Amino acid sequence: MKGFIDKSRFQSMLHDGMTVMIGGFLANGSPERLITAVLETPVKDLTVICNDGGFEDRGAGRLIVAGRVKKLIASHIGTNPTAGRLMQEGKMEIVLVPQGTLAERIRARGAGLGGILTPTGMNTIVAEGKTVLPVNGKDYLLEEPLGADLALIGGAIADRYGNLAYRGTMRNFNPLIAMASSIAVADPVETVAVLDPERIVTPYPLVDYVLKEENGQ
Amino acid sequence: MMDEKAIIAQRIALELQDGDLVNLGIGIPTIVADYLDPAKHVVFQSENGIIGLGPLAEGPSDLVNAGGVGATIVEGGAFFDSAMSFSIIRGGHVDVTVLGALEVDSEGSLASWIIPGKKVPGMGGAMDLVVGAKKVIVAMTHTNKGIPKILSRCRLPLTAYREVNLIVTEMAVIEVHPDGLHLTEVHPDYTVEQVVQATEAPLHVDRVVPMKGVAC
Numbered sequence: 001m002k003g004f005i006d007k008s009r010f011q012s013m014l015h016d017g018m019t020v021m022i023g024g025f026l027a028n029g030s031p032e033r034l035i036t037a038v039l040e041t042p043v044k045d046l047t048v049i050c051n052d053g054g055f056e057d058r059g060a061g062r063l064i065v066a067g068r069v070k071k072l073i074a075s076h077i078g079t080n081p082t083a084g085r086l087m088q089e090g091k092m093e094i095v096l097v098p099q100g101t102l103a104e105r106i107r108a109r110g111a112g113l114g115g116i117l118t119p120t121g122m123n124t125i126v127a128e129g130k131t132v133l134p135v136n137g138k139d140y141l142l143e144e145p146l147g148a149d150l151a152l153i154g155g156a157i158a159d160r161y162g163n164l165a166y167r168g169t170m171r172n173f174n175p176l177i178a179m180a181s182s183i184a185v186a187d188p189v190e191t192v193a194v195l196d197p198e199r200i201v202t203p204y205p206l207v208d209y210v211l212k213e214e215n216g217q
Numbered sequence: 001m002m003d004e005k006a007i008i009a010q011r012i013a014l015e016l017q018d019g020d021l022v023n024l025g026i027g028i029p030t031i032v033a034d035y036l037d038p039a040k041h042v043v044f045q046s047e048n049g050i051i052g053l054g055p056l057a058e059g060p061s062d063l064v065n066a067g068g069v070g071a072t073i074v075e076g077g078a079f080f081d082s083a084m085s086f087s088i089i090r091g092g093h094v095d096v097t098v099l100g101a102l103e104v105d106s107e108g109s110l111a112s113w114i115i116p117g118k119k120v121p122g123m124g125g126a127m128d129l130v131v132g133a134k135k136v137i138v139a140m141t142h143t144n145k146g147i148p149k150i151l152s153r154c155r156l157p158l159t160a161y162r163e164v165n166l167i168v169t170e171m172a173v174i175e176v177h178p179d180g181l182h183l184t185e186v187h188p189d190y191t192v193e194q195v196v197q198a199t200e201a202p203l204h205v206d207r208v209v210p211m212k213g214v215a216c
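Sequences listed follow chains A and B, in order. Counting from 1, one number per residue, gives the positions in the first sequence under this note's numbering. Counting from 1, one number per residue, gives the positions in the second sequence under this note's numbering.
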């Protein structure tokens, strides 16, 4: 962990065209303060990797509605009508990935693997253009690792070292994206002195920065 | 008369067995839990990272179900990340998944995630769930305003090929076998002939009984 940072330091890391992973599942556990900070800058043409398109007013959906996203890689966009409209109008590219495959592709990058072999998507349009490999008589799709320049982590309980635990179902993709990106920034819902080691999900060497609380803690 | 969603959910609840780990999809599948015999101990898995999903929460919650709605966790339950969640799902540890569909066919393939050029919500976790769960139950209305949804071959892009085990509609219960679809139960409001008429796929009709759990 390099340190606790304020919003402006985070904003200085942003640039047009970067690839950003955003945690959260239907905006549960999404890094809302970091998303707001992105929206305060003029950054655009982002490739966003997130479980879903969020909602128009919550989660990664806010970046989509603001026209900042050039390409979205997600498993589901049904809760964000703007995402569907931008796709139909050709204003945003959307790559739909089965949720388990999305999680595992991100995990593969963070774990240093060259990809995963999954039965999910076999004999569907998801398999088009992909390598099929038989293992012990069963066919699997080769799905490649997925990484990003920046991971925006939400739903976390952070300690002063930058260790992260997660609250309730806010864990979802957050621990996975922390490991799959060049820079991982956490937007904690709570900060404590020191987390019980038994409780830590994301150890601090995997977290680059933690956004300070509003009062500058 | 019960509404069609309630008929479907009530019938599917009878399929869940004591000790099953079950994933319920959005829509009709979600209300299956409301019809479960309280004497049965069924554990619900939710793909956003819960084993032991409980009833909906009142007020704001840090815990949501796979529809993003505030929920609760029962005693003994656990939270985990999405990779663990889909390892549980894909790895064959979920006994039953119940999900909706736009089309199901005589081979047990289903389509549920895209109507090209019209509606593209995405597959979410459905592709993994139907590939990984031991038993796949489709919960859906028998037709789309009279247009058959149970087809010889799906026309929409597939969610998965040959993974469905059971189809439950407001009219009927249909089992998927290697030789095709077997009509096993018909709701008392309908005749076998009406079900056959509302179904494009050929149906084996040699052992039909009234729909279980429905008062005649």
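Honestly, the hints are just simulated from the structure, not real lab data. Every value quoted in this text rests on a predicted model; they were computed, and no experiment measured them. Take these hints with a grain of salt, some might be off.
As the list claims (entries may be wrong) - List time: in silico DSBU-like cross-link candidates among lysine-lysine, alpha-carbon distance up to 35 Å: (1) LYS44/A <-> LYS130/A; (2) LYS44/A <-> LYS119/B; (3) LYS212/B <-> LYS91/A; (4) LYS71/A <-> LYS212/B; (5) LYS70/A <-> LYS119/B; (6) LYS119/B <-> LYS145/B; (7) LYS130/A <-> LYS212/B; (8) LYS40/B <-> LYS71/A; (9) LYS135/B <-> LYS5/B; (10) LYS135/B <-> LYS138/A; (11) LYS130/A <-> LYS134/B; (12) LYS40/B <-> LYS130/A; (13) LYS212/B <-> LYS40/B; (14) LYS5/B <-> LYS44/A; (15) LYS138/A <-> LYS145/B; (16) LYS130/A <-> LYS5/B.
Now for the hints, and whether the structure bears them out:
1. LYS44/A <-> LYS130/A: holds, 30 Å
2. LYS44/A <-> LYS119/B: holds, 26 Å
3. LYS212/B <-> LYS91/A: violated, 51 Å
4. LYS71/A <-> LYS212/B: violated, 49 Å
5. LYS70/A <-> LYS119/B: Measuring from Cα to Cα gives roughly 20 Å; hence the hint holds.
6. LYS119/B <-> LYS145/B: Given pair LYS119/B, LYS145/B holds - Cα atoms ~18 Å apart, limit 35 Å.
7. LYS130/A <-> LYS212/B: The given pair, whose Cα atoms are some 44 Å apart, is violated under the 35 Å limit.
8. LYS40/B <-> LYS71/A: Between LYS40/B and LYS71/A the Cα gap is close to 46 Å, so the pair fails against 35 Å, i.e. violated.
9. LYS135/B <-> LYS5/B: holds, 21 Å
10. LYS135/B <-> LYS138/A: Roughly 19 Å between the alpha carbons, so the hint for LYS135/B and LYS138/A holds.
11. LYS130/A <-> LYS134/B: holds, 26 Å
12. LYS40/B <-> LYS130/A: violated, 43 Å
13. LYS212/B <-> LYS40/B: Answer holds: LYS212/B to LYS40/B is near 17 Å, not above 35 Å.
14. LYS5/B <-> LYS44/A: violated, 44 Å
15. LYS138/A <-> LYS145/B: violated, 39 Å
16. LYS130/A <-> LYS5/B: violated, 39 Å
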